[in-house]
Amino acid sequence: MSHGPRIVHLDQLVIRPGSGWARLPLIAAAVGVVFTVVSVVLAMGSEENAKQFFHSWLVAVIFFLGIGLGCLFFVLIQHAAKAGWGVVVRRLAENLACTVPLLAVLFVPVAALGMYDLFHWTHADAVAHDRLLQGKQPWLNESGFWIRAVVYFAVWTALALFFRNASRRQDASGDDGLSRRMARFSPPAIALFALTLTFAGFDWLMSLEPHWYSTMFGVYFFAGTIVSALAALIVLTLLLESAGYFRGVITGEHLHDLGKLLFAFTVFWAYIAFSQFFLIWYANIPEETNWFLSRLHGTPENPASWRGATMLLAIGHFAIPFFVLMPRTIKRNRRLLMVGALWMLAMHLWDVFWLVMPNLHREMTFSLLDVTSLLGVGGLFAATAGWLLSRGSLVPSRDPRLVESLAFENV
Amino acid sequence: MGLMHLDVPEASGGYSHYGVLARFRTAKALYRACEAVRDAGYSKWDALTPFPVHGLEKAMGLKPSRLPFLVLATGLTGAGLGFGLQSWVHIMAYPLVISGKPLFTWPAFVPVTFELGVLGAALGAVLGMFALNKLPTYHHPLFRSENFARVTDDGLFIAIESWDPKYDDQGTADFLSGLGAVEVERVPIEDPRDDEGAA
Amino acid sequence: MAQSQDNTHEPVTGRAPLIVGGYDFRSLTEAVAVPVERKTPIGWWFFFLPSLALLGLFGVSIGWLFWEGTGIWGLNNPVSWGFAIVNFVFWVGIGHAGTLISAILFLFRQKWRTSINRAAEAMTIFAVMCAMVFPGIHVGRVWVAYWMFPLPNQMDMWPNFRSPLIWDVFAVSIYGTVSLMFWYVGLIPDLATIRDRAKTRIRKLAYGAFALGWRGSHRNWLHYERAYLMLAGLATPLVLSVHSVVSMDFATAQLPGWHTTIFPPYFVAGAIFSGFAMVMTLMLICRVLFRMEDIITMRHLENMAKIMLLTGCMVGYAYAIEMFIAWYSGNPYEQFAFANRALGPYAWAYWIMVSCNVITPQLFWFKKMRNHIGWLFVSSILINIGMWFERFVIVASSLHRDFLPASWDYYQATFWDFASLIGSFGLFFTMFCLFARFLPMVATAEVKTVLPEADPHQGEELVRVVPVGSDTDALAQAAPAGGGGA
Numbered sequence: 001m002s003h004g005p006r007i008v009h010l011d012q013l014v015i016r017p018g019s020g021w022a023r024l025p026l027i028a029a030a031v032g033v034v035f036t037v038v039s040v041v042l043a044m045g046s047e048e049n050a051k052q053f054f055h056s057w058l059v060a061v062i063f064f065l066g067i068g069l070g071c072l073f074f075v076l077i078q079h080a081a082k083a084g085w086g087v088v089v090r091r092l093a094e095n096l097a098c099t100v101p102l103l104a105v106l107f108v109p110v111a112a113l114g115m116y117d118l119f120h121w122t123h124a125d126a127v128a129h130d131r132l133l134q135g136k137q138p139w140l141n142e143s144g145f146w147i148r149a150v151v152y153f154a155v156w157t158a159l160a161l162f163f164r165n166a167s168r169r170q171d172a173s174g175d176d177g178l179s180r181r182m183a184r185f186s187p188p189a190i191a192l193f194a195l196t197l198t199f200a201g202f203d204w205l206m207s208l209e210p211h212w213y214s215t216m217f218g219v220y221f222f223a224g225t226i227v228s229a230l231a232a233l234i235v236l237t238l239l240l241e242s243a244g245y246f247r248g249v250i251t252g253e254h255l256h257d258l259g260k261l262l263f264a265f266t267v268f269w270a271y272i273a274f275s276q277f278f279l280i281w282y283a284n285i286p287e288e289t290n291w292f293l294s295r296l297h298g299t300p301e302n303p304a305s306w307r308g309a310t311m312l313l314a315i316g317h318f319a320i321p322f323f324v325l326m327p328r329t330i331k332r333n334r335r336l337l338m339v340g341a342l343w344m345l346a347m348h349l350w351d352v353f354w355l356v357m358p359n360l361h362r363e364m365t366f367s368l369l370d371v372t373s374l375l376g377v378g379g380l381f382a383a384t385a386g387w388l389l390s391r392g393s394l395v396p397s398r399d400p401r402l403v404e405s406l407a408f409e410n411v
Numbered sequence: 001m002g003l004m005h006l007d008v009p010e011a012s013g014g015y016s017h018y019g020v021l022a023r024f025r026t027a028k029a030l031y032r033a034c035e036a037v038r039d040a041g042y043s044k045w046d047a048l049t050p051f052p053v054h055g056l057e058k059a060m061g062l063k064p065s066r067l068p069f070l071v072l073a074t075g076l077t078g079a080g081l082g083f084g085l086q087s088w089v090h091i092m093a094y095p096l097v098i099s100g101k102p103l104f105t106w107p108a109f110v111p112v113t114f115e116l117g118v119l120g121a122a123l124g125a126v127l128g129m130f131a132l133n134k135l136p137t138y139h140h141p142l143f144r145s146e147n148f149a150r151v152t153d154d155g156l157f158i159a160i161e162s163w164d165p166k167y168d169d170q171g172t173a174d175f176l177s178g179l180g181a182v183e184v185e186r187v188p189i190e191d192p193r194d195d196e197g198a199a
Numbered sequence: 001m002a003q004s005q006d007n008t009h010e011p012v013t014g015r016a017p018l019i020v021g022g023y024d025f026r027s028l029t030e031a032v033a034v035p036v037e038r039k040t041p042i043g044w045w046f047f048f049l050p051s052l053a054l055l056g057l058f059g060v061s062i063g064w065l066f067w068e069g070t071g072i073w074g075l076n077n078p079v080s081w082g083f084a085i086v087n088f089v090f091w092v093g094i095g096h097a098g099t100l101i102s103a104i105l106f107l108f109r110q111k112w113r114t115s116i117n118r119a120a121e122a123m124t125i126f127a128v129m130c131a132m133v134f135p136g137i138h139v140g141r142v143w144v145a146y147w148m149f150p151l152p153n154q155m156d157m158w159p160n161f162r163s164p165l166i167w168d169v170f171a172v173s174i175y176g177t178v179s180l181m182f183w184y185v186g187l188i189p190d191l192a193t194i195r196d197r198a199k200t201r202i203r204k205l206a207y208g209a210f211a212l213g214w215r216g217s218h219r220n221w222l223h224y225e226r227a228y229l230m231l232a233g234l235a236t237p238l239v240l241s242v243h244s245v246v247s248m249d250f251a252t253a254q255l256p257g258w259h260t261t262i263f264p265p266y267f268v269a270g271a272i273f274s275g276f277a278m279v280m281t282l283m284l285i286c287r288v289l290f291r292m293e294d295i296i297t298m299r300h301l302e303n304m305a306k307i308m309l310l311t312g313c314m315v316g317y318a319y320a321i322e323m324f325i326a327w328y329s330g331n332p333y334e335q336f337a338f339a340n341r342a343l344g345p346y347a348w349a350y351w352i353m354v355s356c357n358v359i360t361p362q363l364f365w366f367k368k369m370r371n372h373i374g375w376l377f378v379s380s381i382l383i384n385i386g387m388w389f390e391r392f393v394i395v396a397s398s399l400h401r402d403f404l405p406a407s408w409d410y411y412q413a414t415f416w417d418f419a420s421l422i423g424s425f426g427l428f429f430t431m432f433c434l435f436a437r438f439l440p441m442v443a444t445a446e447v448k449t450v451l452p453e454a455d456p457h458q459g460e461e462l463v464r465v466v467p468v469g470s471d472t473d474a475l476a477q478a479a480p481a482g483g484g485g486a
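Residue numbers (the numbering used here), protein chains in the order written: chain A, 1 to 411; chain B, 1 to 199; chain C, 1 to 486.
Treat the hints with care, as some may be off.
Computed list of chain A residues with no C-beta within reach of chain C, every gap over 10 Å [unchecked claim]:
(1) Pro5
(2) Gly18
(3) Ile27
(4) Ala112
(5) Ala124
(6) Leu132
(7) Thr157
(8) Phe185
(9) Leu195
(10) Asn290
(11) Leu293
(12) Ala314
(13) Leu336
(14) Arg362
Computed list of lysine-lysine pairs in DSS-like fashion (alpha-carbon distance at most 30 Å, straight line) [stated by the list, open to error]:
(15) Lys111/C with Lys58/B
(16) Lys58/B with Lys44/B
(17) Lys204/C with Lys306/C
(18) Lys306/C with Lys367/C
(19) Lys306/C with Lys82/A
(20) Lys260/A with Lys204/C
(21) Lys134/B with Lys111/C
(22) Lys82/A with Lys367/C
(23) Lys204/C with Lys39/C
(24) Lys204/C with Lys134/B
(25) Lys134/B with Lys199/C
(26) Lys63/B with Lys111/C
(27) Lys82/A with Lys199/C
(28) Lys111/C with Lys306/C
(29) Lys63/B with Lys44/B
(30) Lys260/A with Lys166/B
(31) Lys368/C with Lys111/C
(32) Lys63/B with Lys166/B
(33) Lys58/B with Lys260/A
(34) Lys111/C with Lys260/A
(35) Lys111/C with Lys82/A
Treat the hints as calculated values from the structure; they're not laboratory data.
Using N, Cα and C, we set each Cβ at its ideal position, and we do this for glycine too.
Okay, chain A solo, but in the shape it has when bound:
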């Protein structure tokens, strides 16, 4: 061929001191702290506000945790499949996954103070009159909940740190053995991840309505999590690229692949979400339909108040992105892909809101606390992510498959 090889300079792949990205951790942390304080102050206003705070806070924590955990899964699956194409974005995912310890800290208010407001099964008087809840006590009790939460976060943190550290050690040493080590550890890690994620979904979201149960729920939680993580990866990649990093590193080929995955998991989410709804709708057994009824109805005054929310989820989380993310040209167009990814992030947030909030409001209601909690948790999340990003190279610079990844072309 006439043209020579594409030259990629790795020294552009560190956050430049003094740049906006270098200042991000500080600014975001300030935003996060301010809004966290605002949220707490608002929460102390009244008992109602406290209830609202815990629900809003749970939405925000679950949303950002989903991004971190989805990125952890992305890293695991890259190693397990010995994938070449994704090496250039893997470091971003490794860093986002390491926000999990922060979210463990932010989860503490839920477990320490919010249990009574969030979880009906903690009400001793209610349990005393409810045979079903009595039967569930071996699982649904506060000490069990705490112990399990500690286990989940410990597993996720350990995995996230292990894979980020090993990968960064490789930056320094160039040791191929680390790639082999990570590939060897990733399959059992995926098994651990699957179990912890499932039961975390059961504990933190499904047990909000303690009578309801669905064997699919863990898969549903997983699907949404991956969607949000892929969307976040795309957004982060494009933001860094537009700030002048990744020049000649991220190509349309990588974006196309990330876009394809986002599309695939959006469809997968829809498949899982529809199957769960459909089987419950079809069989029409009262103890199961309750959960969907509270998401399709409202109060006597406003009987369809949650229906719109559910329709928005069906259309916005599936129908629109299905057609928008399908064409190849959109996945290769940076601006359109950015819009698509931001849209999916918003929709996943809506999904989490839709999972949690009917527990508090029989009629769909927004609160200022929804916004302040999101900004509080989000600020701290962004600060941590930004700080992690600034700590080293933005790609695994001595990964033996880096060149393969850079030269990658779609079929």
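For this one, chain A is given, so just place chains B and C on it according to the hints.
Showing chains B and C alone in chain A's frame:
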């Protein structure tokens, strides 16, 4: 020779032969030759290979296939017909309340709608591909070349047709040899009826 | 074949070869085409005739069913669905691995699939054929099978589109159709190969007619590859939907043990699991019989073992979650159904299922076991048995304990139940033997693309990395220093 030689190509009148067929030894050589043929401005030509050479359409300067639009259309048609059929059957043709559900039970129509959408799209993909590729084409002048049987084995070919405006009998053959072709031959257009001796 | 090169160790720089034995385009064509062209080997009859005999048994058992009715089966009042539905689900499931290999692995760019996709897709089609027999015959009145189709008829009646059984009719027949098209599209270039090598007029006509005059034109490849990609993109959700729909035969009911939301993805995972076991069984035999150890290499077997481990764990996950949620639900019927599964009259079937499906594949965590031909063969058979029992457990153990204890009963299969099960294997293997005899068993055109010399940029340096802190200008101008490759 049987089924494969039933038609005469439309362009046969007035041309003494079909064109020049050149064989290349490696995929790399073929790729470069295609780039050269494209850059030389030929338009009526083709690369013929036993397997799809990755990225060769770029080297040949081919536009992407239009098939996806057709597939989207036939897929949506299939899904629409499926949904329409079910709704019509259960609301108009044979309304019957089953398991206490309303007549228009759209969630229950999703599986068949989906399946028929996939069927429509798949038929569109396959039949559309046949149509765009003009398959079946049992007769083609290239099959007259003894050498050409290698196209389904290990032969990597470029054929330039004699009705290409840039075609020049000797010049084109020399051009292809210059690109590293290991064999160059002129492929005749013959009347299929006195074709018994062909391979 | 002599000692084959070991390609199971994936290096971290570069990639291990997908096929070994030093094949080039020509010898690859030869290796695949010769089994189609040579005289029928004695060994083939050794497989074909017993298969044909079993097919005969299948015919007899269906004939007897039509004559006598479903009373020849062990059905009773609570267990009104027996082997017919179990066999149906089993065979549909077997088919799924073929589509996974041809479509999903294609989308994931798993190029090793090229050595096995042809045979796996053929397996899909034959498995779907076997599956479709059972809904057709299971009521014993084949002459009213047309009631399943949306045809205007003299009674002015229409099928109930709200019924999962009608979704099955659509899902499975469309799955069969799409699989057949996918398979045929893949076959076209290889049929052309056989046509161009044909020595006799009959061969030339027969293969030539189906090759459609394919001449490898790149203007054709362009649309062809696009069509293939889209078929893969369509077959992927289709295959998920098919076993999801099959699972809905059970899951839309209100019966404990059937009605559970995880059924759709769990059935899909199980289907792929069982299908891979069947592909493994078939490939282990074929690669020896047709001397294709260097094309269907140890690496292919190992990768299949990994997928069996993955899907086996998914199935195990589903079993565990079902158990957990049955307890967690607090619903006494749910709790009973699952306790009864593990400890009741069908406990033997349940524990066969668990040991074959969950425990057996766990050995694939060890590379040694993934590379052990004998164990691969044994485990593939065990997994097929286990997956058949999974469907049996779902059907029989959920049905035999009705809500009304007075109607409890035990389903005991009869000779004719077994005859139709074993007979369906006859149909499957007969078709597979014919396929292996008359069609190229490996997608030659696709395997050629994974040979290094098929890459038009072979050995070219596409990207050069300039490490941190180096004199960038000097490096950029320096001579190529390794790396590269696509």
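Results for each hint:
no. : hint                   : verdict
1   : Pro5                   : violated (4 Å)
2   : Gly18                  : holds (19 Å)
3   : Ile27                  : holds (27 Å)
4   : Ala112                 : holds (25 Å)
5   : Ala124                 : holds (18 Å)
6   : Leu132                 : violated (4 Å)
7   : Thr157                 : holds (23 Å)
8   : Phe185                 : holds (12 Å)
9   : Leu195                 : violated (8 Å)
10  : Asn290                 : holds (13 Å)
11  : Leu293                 : holds (16 Å)
12  : Ala314                 : holds (17 Å)
13  : Leu336                 : holds (20 Å)
14  : Arg362                 : holds (24 Å)
15  : Lys111/C with Lys58/B  : holds (22 Å)
16  : Lys58/B with Lys44/B   : holds (16 Å)
17  : Lys204/C with Lys306/C : violated (41 Å)
18  : Lys306/C with Lys367/C : holds (10 Å)
19  : Lys306/C with Lys82/A  : holds (13 Å)
20  : Lys260/A with Lys204/C : violated (42 Å)
21  : Lys134/B with Lys111/C : holds (29 Å)
22  : Lys82/A with Lys367/C  : holds (16 Å)
23  : Lys204/C with Lys39/C  : holds (17 Å)
24  : Lys204/C with Lys134/B : holds (20 Å)
25  : Lys134/B with Lys199/C : holds (27 Å)
26  : Lys63/B with Lys111/C  : holds (26 Å)
27  : Lys82/A with Lys199/C  : violated (45 Å)
28  : Lys111/C with Lys306/C : holds (15 Å)
29  : Lys63/B with Lys44/B   : holds (14 Å)
30  : Lys260/A with Lys166/B : violated (42 Å)
31  : Lys368/C with Lys111/C : holds (23 Å)
32  : Lys63/B with Lys166/B  : holds (20 Å)
33  : Lys58/B with Lys260/A  : holds (22 Å)
34  : Lys111/C with Lys260/A : holds (18 Å)
35  : Lys111/C with Lys82/A  : holds (13 Å)
Checked against the numbered hints given earlier, this structure breaks hints 1, 6, 9, 17, 20, 27 and 30; the rest are met.
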